[in-house]
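Using the sequences and the hints given, assemble the complete structure.
What follows is the residue order along each chain.
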Amino acid sequence: MNKHLAVIAAIMVFLAVFIPLASSSPDGLERVVETFGVEEHTPFWNGIMSDYAIEAIADPYVSTLLAGVFGTLLVLLAGLLLGKMMKPKTQVSE
Amino acid sequence: MHIPDGLIATNEPTSLTIAIGMWIVTIAFLGWSWKKAKTTYSRSITALLAISSAFVFAAQMINFPIAFGTSGHLVGGTFLAVLLGPHAAMLSMTIVLLMQGFFFADGGILAFGMNAFNMAVIGGLSFFLIKLLTRGSTESKRLIPSVFAASWLSVMVGALLAALEISPAFAGGVAVTMPSMLFYHAIIGLGEGAITAVLISSIQRMQPAIMGGLTLLKEKTKL
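If you read the sequences in order, they're chains A and B. The end of the first sequence is residue 342 by this note's numbering, with every number in the run present. The end of the second sequence is residue 583 by this note's numbering, with every number in the run present.
Hint data in this document are derived by calculation from the structure and do not stem from the laboratory. Remember, predicted model here, so these are calculated numbers, not experimental data. Heads up, some of the hints might be wrong.
On the chain A side, residues computed to face chain B include the following (Cβ under 8 angstroms) [to be verified]:
1) Phe262
2) Val280
3) Val286
4) His289
5) Trp293
6) Ala304
7) Pro308
8) Tyr309
9) Gly316
10) Leu330
As a list, the in silico BS3-like pairs of lysine-lysine whose alpha-carbon atoms are at most 25 angstroms apart [unchecked claim]:
11) B:Lys501 x A:Lys332
12) B:Lys578 x B:Lys395
13) B:Lys395 x A:Lys335
14) B:Lys578 x B:Lys398
Virtual Cβ for every residue (Gly too), placed ideally from N, Cα, C.
Below, the structure is given as structure tokens:
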């Protein structure tokens, strides 16, 4: 368990260190869309923290970091749930 | 290569048909992987699945620059496939994409079928390419080059499919999306290959016990 917590902590540290270093250039697909001047229409869903930013927080680093930590924990939780549901039925009960 | 909903024209039949079609195809693949995942693993992979999915989410946030003012980031489908095997990898990547789309508007909701197919299903399927290339060997001198090749190819196949899927939004159609998507992703794929190879080789060296997917690599697993 402690080992698992250590890895989760390491992922948080990874985010804290690398978020400021991440490139803000458009990714491959965004570049293609820009190059050919395609207009994206307004989507019906804009997410809750669009573009990995929390609107209420002005500092972009803190905003993105918190969004990242939140998302990481969310995926972790969803993964735990999925794993629990996936448990083989044939397994002897613990 | 997350496709936003802004590129899907809901009033345009081709665009909408592709989006809905990819939802159906993806659900079929996920249903299959769910069924297999429940019977494939003899012990619980919950911790490994949760932590590796969380890592992939975090890693996807970090864009690395390539040339031409463009960036890319790890997809992580092949990484998950080596760690978890093909079936759990598809499910794992799907939850990453689901959270990205719903909470962060990274990849659309209507476009979710496309994105999940391009990254989660293709990522999971790359396991079988590794199996073919290594012929079931887990020795690192065979495994690592195969992982690199499969990672690169998984990005290229994903980009190729994305090029087809977004083409209705482009006046020039597939003739412009295909070469440009493949061009940028050929470079981004090298990053994917390098990062995945380093990650897998480090884990294999330091924590060989957690490479759960490798036992599936050796087994005669049937599709």
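Evaluated hints:
Using the Cβ-Cβ criterion of 8 angstroms, the hint placing Phe262 of chain A at the interface with chain B is satisfied: the shortest such distance is roughly 6 angstroms. Taking 8 angstroms as the C-beta contact cut-off toward chain B, the hint placing Val280 of chain A at the interface holds, the least distance being around 5 angstroms. Residue-level restraint check for Val286 of chain A holds (minimum Cβ-Cβ distance to chain B is 5 angstroms; threshold 8 angstroms). Checking His289 of chain A against chain B: minimum C-beta separation of about 5 angstroms stays under 8 angstroms; hint holds.
At about 5 angstroms, the closest approach between the beta carbon of Trp293 of chain A and any beta carbon in chain B falls short of 8 angstroms, and the interface hint on this residue holds. Here the hint on Ala304 of chain A is broken, as its CB sits about 15 angstroms from the closest CB of chain B, past 8 angstroms. A cut of 8 angstroms between beta carbons decides the hint on Pro308 of chain A: the least distance to chain B is about 13 angstroms, and the hint is violated. A hinted interface residue such as Tyr309 of chain A counts as satisfied when its beta carbon comes closer than 8 angstroms to some beta carbon of chain B; here the least separation is about 13 angstroms, so the hint is violated.
Because the smallest distance between the Cβ of Gly316 of chain A and any Cβ of chain B comes to about 5 angstroms, under 8 angstroms, the interface hint for this residue holds. At a threshold of 8 angstroms, the smallest CB-CB gap from Leu330 of chain A to chain B is about 6 angstroms, leaving the interface hint in force. Distance hint between Lys501 of chain B and Lys332 of chain A is unfulfilled; the C-alpha atoms sit about 35 angstroms from each other, more than 25 angstroms. At most 25 angstroms may separate the alpha-carbon atoms for a hinted pair to count; Lys578 of chain B and Lys395 of chain B meet this at roughly 21 angstroms.
A hinted pair counts as satisfied when its Cα atoms are at most 25 angstroms apart, and Lys395 of chain B with Lys335 of chain A qualifies at roughly 11 angstroms. Between Lys578 of chain B and Lys398 of chain B the CA atoms are separated by roughly 19 angstroms; this keeps the pair inside 25 angstroms, and the hint holds.
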